[in-house]
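Engineer: Sequences listed follow chains Y and D, in order. -5 is the number of the first residue of the first sequence in the working numbering; add one for each residue after it. -19 is the number of the first residue of the second sequence in the working numbering; add one for each residue after it.
Rather than coming from a laboratory, the hints here were simulated on the basis of the structure. On a predicted model such as this, the values are computed, not experimentally measured, just so you know. By construction, the Cβ of each residue, glycine as well, lies at the ideal position given by its N, Cα and C atoms. Honestly, I wouldn't trust all of these hints.
Example chain Y residues on the side facing chain D (calculated, C-beta under 7 Å, incomplete) [unchecked claim]:
| # | residue |
| --- | --- |
| 1 | S(-1) |
| 2 | S3 |
| 3 | L33 |
| 4 | G34 |
| 5 | G36 |
| 6 | F39 |
| 7 | Y42 |
| 8 | L85 |
| 9 | F98 |
| 10 | G99 |
| 11 | G101 |
Letter by letter, the chains look like this.
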Amino acid sequence: GAGVSQSPSNKVTEKGKDVELRCDPISGHTALYWYRQSLGQGLEFLIYFQGNSAPDKSGLPSDRFSAERTGGSVSTLTIQRTQQEDSAVYLCASSRGVQETQYFGPGTRLLVL
Amino acid sequence: GESVGLHLPTLSVQEGDNSIINCAYSNSASDYFIWYKQESGKGPQFIIDIRSNMDKRQGQRVTVLLNKTVKHLSLQIAATQPGDSAVYFCAEDSGGSNYKLTFGKGTLLTVNP
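Put together the whole structure using the sequences plus the hints.
Structural biologist: Rendered as structure tokens:
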């Protein structure tokens, strides 16, 4: 079946611009996660959505980062006034529920010049 | 082997040999552990998981061992193939959050034909 999809696959932007990254989770998965992976590093948790509950935003590195999940499905991660240190791979994952296997998308590679 | 917080270690093996990738975790409260494989340019791919009430779990060509006494996790790959070449991450569900995974920085496995 279809896995997690993300778009765009690559994004190059200039410092100070806003970017939006999209995630389409696996159909029927109630939990959705965003992670960030810097070059040669492990994954850093950013934000978590579960059903209609308030999202856990504890991993967002600054108030320039925000995320929404509309209709319990598609999610958008927005980074405002991008900085060079925001350059990374942004990965989305979804799972059927809490403490269920998280399945990852291919990621969006963001480069801020 | 791998430990959360250290630089990326590497493991090089010959095709057909068995591989063992190690991971040390820090949170004794963690009760769910996962191994992911990440090939270049792709998102992490689920390999196998184990819960803290088990000390061993087997999959196809892979075995995960959990030693809670010393907080150690290992992934064994039997008859390693060139297609197994990738970065392998262990992840733990730490702090009883039931969803937030903490990832190690990964081990680069290179399989020589």
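Engineer: Look at each hint and say if it fits the structure.
Structural biologist: Each hint, compared with the structure:
1. S(-1): violated (10 Å)
2. S3: violated (9 Å)
3. L33: violated (10 Å)
4. G34: Y/G34 check passes; min Cβ-Cβ to chain D is 6 Å, inside 7 Å.
5. G36: Constraint on Y/G36 satisfied, holds at 4 Å.
6. F39: This interface hint holds because 5 Å falls under the 7 Å limit.
7. Y42: With a closest approach of 6 Å, the Y/Y42 hint holds.
8. L85: Holds, about 5 Å.
9. F98: holds (4 Å)
10. G99: Where the cut-off is 7 Å and the nearest Cβ of chain D is about 5 Å from Y/G99, the hint holds.
11. G101: Status holds, d = 5 Å.
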